[in-house]
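J.: Counting in our numbering, the sequence shown runs from 252 upward without gaps.
Do not rely on the hints blindly, as some may be mistaken.
Lysine-lysine pairs mimicking PhoX-like chemistry, simulated, CA-CA at most 25 Å apart [what the hints assert, rightly or not]: (1) Lys410 x Lys509; (2) Lys585 x Lys812; (3) Lys762 x Lys788.
Pairwise CB distance ranges, derived in the manner of DEER restraints [as the list claims (entries may be wrong)]: (4) Asp1155 x Val514: 56 to 62 Å; (5) Asp1155 x Pro980: 36 to 42 Å; (6) Pro1186 x Asp623: 45 to 51 Å; (7) Pro720 x Glu1089: 29 to 35 Å; (8) Ala497 x Val552: 32 to 38 Å; (9) Gln438 x Gly300: 49 to 55 Å; (10) Ala830 x Arg446: 51 to 57 Å; (11) Leu434 x Gly524: 25 to 31 Å.
Keep in mind that the hints were calculated from the coordinates and are not lab data.
Quick reminder that beta carbons are idealized off the backbone N, C-alpha and C, glycines included.
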Amino acid sequence: MPIIRAALGLALTLSLAPPGASAAPTAATSVSSPLPQDPALRRGVLPNGLRYAVMRNAAPVGAVSLRLHIDVGSREETEAELGAAHFVEHMAFRGARRFKDGELERALALAGVGAGRDHNADTSVASTSYRLDLTDPAPANLDLAFRWLRDVADGVTFKPADVDRERGVVLAEKEARDGPGDLVRDQVTAFVAPRLRSTSRRPIGTEANLRAMTPQTLEAFHARWYRPENAWVVMVGDMAPEAMEAEIAKAFGSWTGKGVKPVRATLGEVDGGRGLEALVIATPQVASGLSACRVQPGSPVTTTDAASLRRNSLRAVWQSALNARLSQLTNGSKTLLSASISVVDLDGGQAACLSLAPNAEAWEAALAATQDELRRFERDGPTELEIDQAIARVRNTIRSDLVAAPTRLSSTLATGLVQALAEGWTVMEPRASLRAFNLAVETVAPADVKAAFTSDWSGSGPFVTVTAPEPPTREAVIAAWRRGEAGAGPARYADVPVAQWAYGPLSAPGKIARQERLAGGVTRVTFRNGVILNLKKTGFANDTIALRLWFGAGRGAVAAKDFDAASSATGVFAYGALARHSYEELRGIFGDNALEFELNLTPYAFQLAHAVSDETLGPRLRLLVAYMSDPGFRDTLDAKFGTEIENSFRDRQSDLWGLLREAVIDTVAPGLPLGAPDRAALERLTSKDLAAVLKPAVTGDPIMITLVGDVDEAAAIDLVARTFGALPPRRPAPRPRPDTFSLSFPKAPPPQIATTHQGSPDKGAVAVIWPLYVAVPARRKEEDALKLLAAVFSDALRHEVRERLGKAYSPMVFASTPDYVDQGELDALVETHPADLEAVRDEIRAVAARLAAGEITPQMLEAARTPMLSGARASAATNDWWADALAGSAQHEAWLQDAIREEDRIGGVTLAQVKAAAATWLTPDPIVAVIRPPPRADGGAR
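Take the sequences, apply the hints, and build the full model.
T.: Written out as structure tokens, the structure reads:
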């Protein structure tokens, strides 16, 4: 059941149909005929005006997902109410009428619901949406869910003490969200569309309004807008649709609105009389960038009939074609890091925005190059080949969603459905969706795509913004844009021929030395050249395969002095391309997605992660075996590497947790490469340096491949045999080298560690760290007890610091226990206002002291364990979980067994074991670190 829609201008299909859904009729050909709704979707309206939709879906089996969507967001707030919609959302968790303080979270935890993971909400400019996912919809659990959602509708209380405590949480969330990038975004939006109501109403609100918000204001806002006719309820899961409809009617049938139905605010307007304008923003904390936007009145049209489908399909095609050109331009340019264009919904307006990132502050050259491409596209339109390729890319997205539809999770379905229904999109059955798109683009010609682009790239503006540490003047930006508009423009675009693959056809299959069946339905194949293949067929996600390449010894084979170089090399490995092919050539041969793999440096190996399908498995294996035998490390990396380093150092100025972690490492283990990076050394790195540290492992170390998903085992074994199995034998696994490193904490903690950041003056953070031990599989029971202790600690800390004190938004506690290498640790991390750092630090230690003294009840343990178990079950039903569990399992056999037994292991931990872990590890004095903004020059707080 896809939703054909435009999101940032790209036509996306959310294939949401459950298995066995019947095909819809052929899409209407009349431009005014409505598109056919998916017959598996049941919609209705209760007598009180509440709209609902239900759908049966059995992924995962037995689970149910609920969504309550209210058509009100920050757009409807008065000047005195800024932030009220979001504040009300918070109070729905704290002030639900039928649940005393903390009771809701405890009850849901015992039902297997993880806070934040399965139970959350969000507020936007236009709406507020509440979500609840139940892995076990037993009658008592379903009743609990509906009781809370009904309280959200008309049973939220606004007691003064509760409002005051939650005020601190909302302010803490605002502080957490107000990063340098957010502030730049707000300035740009206000510049582009100052008269739209949405641009002056961030859902988080203003500090002044939040501090002044009264219970009466919040209660009045809730009563005014939370009405059944303003609501959608969506329910998706492994239940009969009739039963779901009955549950919704029983829970919400008696809900009535209070008072007179309110009048909605006007959206504001787009000033059509504005022409070329510029805004410059000076900031050293954000990567330099440039954007140019044209704005029109009216939001992008929803897809409901053949005409709107064709319009949105044409928009998707021109965006895909032009973005392909911009990507090609970027990859061949020394002045551009990136460039793209999109259409953005401004809630009452729409903006077509060109965005680019210059290399080495060369904003003028970068602008000239992208403006040339923009002018050429506007003048000539795309070529026939570009249209065919763009249509194929969009069609592949729709087709992929169609194939994946039978295994789409109910939580994903419910979220997509409620958004589509609330915004008026037509929800279609997957096959009908594909047919409808094919009909919409069947007769598309270059002139049609050119006209669609011209229509979208029109309106007021362009509004050009330059962000840099030392930006040019507004006059200089305007002059540069006008220079780009002058003259005849570049020559007509010529299609770039696709390069011929230089590495030949598949090889003769390598010989298999051994094939065996392992626990969990895993097949392991060992080839004579030493390559190992782990293979597991699953039905978790149709036509999806998780691929992992595990090679070498990772950090264990990297000298400490080379750690930063090795980390940098993994980050740019794909962009280094191949010795015989450039990055742009590879994109042409294999497509954009083929190069979206990640290579990471782990303590145990280098690990490459990728997602493929049955159709793309063969080509991707050919590509990856070329990377593993003839990597390029091309010197094209050198031209842009310095700017990437510059941008990373700008970002880290306001990265509280990154800076705090570096300060801890530099204090407890001076000189360890995990501390603050050496910028000068990074800036000296070249592609040759990166190749020197990574290429030997890539081309010579042992390889293990893991494939998990909807895979034909025999065909996969043959493909691997003809690629990796056909490689020359590789050298034995490298021995651990003496000049590598591991993290060890001192026996006695240092004095409190203090450092500063250059981000928001309202942000601070505290970390309290209890060192553990170097983990080994033989101590897994103790490790499991520590994980549960961390969950108990996290729940208790959230109750104290967030719920009782209102001084933090999302406190967290976790235990990190990597096998064999670094010393483990149990960390309590809280972001809060700088003035509250000491109070929060003391509260963390007080909670730890109570736990160490044995103040852990059976109820606390089960409230932590039950969501952990439901999360473990959900994770074990994914391809990525199995792929990660299998990666490295040939060298570390206990890892696979431990992963398979995780649920039993966690379920077997006793209260006595958790108490013993708390007494052992939380009793010693911890390491304490705080980060805050630097003091002002006058000595006061900044």
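J.: Against this structure, judge whether each hint is valid.
T.: Now for the hints, and whether the structure bears them out:
1. Lys410 x Lys509: Holds - the C-alpha atoms of Lys509 and Lys410 are around 19 Å apart, at most 25 Å.
2. Lys585 x Lys812: This hinted pair is violated, its Cα atoms lying about 30 Å apart.
3. Lys762 x Lys788: 22 Å, holds
4. Asp1155 x Val514: 56 to 62 Å: 58 Å, holds
5. Asp1155 x Pro980: 36 to 42 Å: 40 Å, holds
6. Pro1186 x Asp623: 45 to 51 Å: 49 Å, holds
7. Pro720 x Glu1089: 29 to 35 Å: Given range 29 to 35 Å: holds, Cβ gap about 34 Å.
8. Ala497 x Val552: 32 to 38 Å: Roughly 36 Å apart at Cβ, these two residues keep to the hinted range, so it holds.
9. Gln438 x Gly300: 49 to 55 Å: 40 Å, violated
10. Ala830 x Arg446: 51 to 57 Å: 55 Å, holds
11. Leu434 x Gly524: 25 to 31 Å: 28 Å, holds
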